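2 protein chains.
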Amino acid sequence: MKLFLTQTSPYARKVRLAAEQLGLTGGLELIGATTTPIADDTALVAINPLGKIPALVLDDGVLLFDSPVIVEYLDHLSGGGLLPPASDPERWQTLRLQAVADGILDAALLMRYEVALRPDRFLWREWLDGQGRKVQRALATLEADILRLKEGAALNGIVVACALGYLDFRFEELDWRTRCPGLAKFFDDYSARPEMVWTAPRAE
Amino acid sequence: MKLFLTQTSPYARKVRLAAEQLGLTGGLELIGATTTPIADDTALVAINPLGKIPALVLDDGVLLFDSPVIVEYLDHLSGGGLLPPASDPERWQTLRLQAVADGILDAALLMRYEVALRPDRFLWREWLDGQGRKVQRALATLEADILRLKEGAALNGIVVACALGYLDFRFEELDWRTRCPGLAKFFDDYSARPEMVWTAPRAE
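Same order as they appear, the protein sequences are chains A and B. Numbering-wise, the numbering used here puts 55 at position 55 of the first sequence, and it's gapless, one number per residue. To convert, count from 1 in the second sequence and add 1000; that's the numbering used here.
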């Protein structure tokens, strides 16, 4: 299987952490992409019309995305129910938690595009503030639910670690640790895993 | 169950079409929200920190989002495997198709925010063009795969109809029908369904 990714994409990191948890890392061929919302990657858009990563191409050529679909597919390859739990109500709690963590990332990515991709003269402060409020409220929700995060499904840790790792990488000034001491402790412990080290985002 | 929504949200329409297909419309209490990325809806952010709709609140108070999670939950309530197929490879084809249709909507929503929400002086043409290319490429992919769309799972029709309906509602000038005659025929047929009429987007 070929996984199109960038080293900075938190959604791609999620897929790599999931693959490692499932023992599937060896079966993934990593293909680096260079894509932004204003500059298409020709090889990538040839397989994924939306030009988004991660994108997984199966050995028979079938394309899968986005990251929740890829994670569920990898889980299925390993027998199912290992990452998103198969049973009610854990399944819904975990998929909801993934939506919260991905929602933090969606908002953070839009903030990143606003400050780093968009020319300064077109920066709109209200947009940035609105996305920032989403991130803060979602972090507070995760902090309030820290016990479920730690004791729940394996996917919980993966999705939250990817979100927090991206905030550290791009928004150091956000200082989420002060307001979220439970998340800070969780993330420090989780970051000791070897796969967290070799999937860590780095500037390209 | 309470479904927070707006009448203009294509993702909320997807959930309503799914509920109707599953015979669950009567069990959904619809709660209108007023939310934009720069103006939070107080009642909505109290339940969903990301301030996004659709959001489903179960009778025991549990919150579910985003739309793929809600659709899968409703499907589960009805026995499972009716909308996203349970079996391989149909399941992955359908979830991929949902990701394409939702990706069209993600790009179209960003275009809508750029032209209708953001003050004109901050509009960035390259961003608008980049999102527009995503929409066009994804439409071409759907047009090329029109047979699978028509003959595949029930969810296929729902997600594509929501995407096309939103383009008609907000981007009439896009004129997707000329380039995608197969999709145009599909959409005209699909739009005759009663639930397509009463879930049609309208300005609020």
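Derived from the structure by calculation, the hints contain no laboratory data. Bear in mind that the values here come from a model prediction, so they are computed numbers and not experimental data. Yeah, the Cβ is synthetic: ideal placement off N, Cα and C, and Gly gets one too. The reader is advised that the hints may include incorrect statements.
Claimed, not checked - Cβ pair distances, simulated, as ranges: (1) 144(A) / 1177(B): 44 to 50 Å; (2) 193(A) / 1177(B): 48 to 54 Å; (3) 1203(B) / 89(A): 34 to 40 Å; (4) 1008(B) / 8(A): 31 to 37 Å.
Stated by the list, open to error - Listing some non-contacts, in silico: residues in chain B with all C-beta distances to chain A over 12 Å: (5) 1040; (6) 1055; (7) 1067; (8) 1089; (9) 1138; (10) 1175; (11) 1181; (12) 1185; (13) 1195; (14) 1201; (15) 1203.
Hint check:
no.	hint	result
1	144(A) / 1177(B): 44 to 50 Å	48 Å, holds
2	193(A) / 1177(B): 48 to 54 Å	51 Å, holds
3	1203(B) / 89(A): 34 to 40 Å	38 Å, holds
4	1008(B) / 8(A): 31 to 37 Å	33 Å, holds
5	1040	7 Å, violated
6	1055	10 Å, violated
7	1067	10 Å, violated
8	1089	7 Å, violated
9	1138	4 Å, violated
10	1175	18 Å, holds
11	1181	18 Å, holds
12	1185	21 Å, holds
13	1195	25 Å, holds
14	1201	22 Å, holds
15	1203	22 Å, holds
The structure is inconsistent with the numbered hints 5, 6, 7, 8, 9, although it conforms to all the rest.
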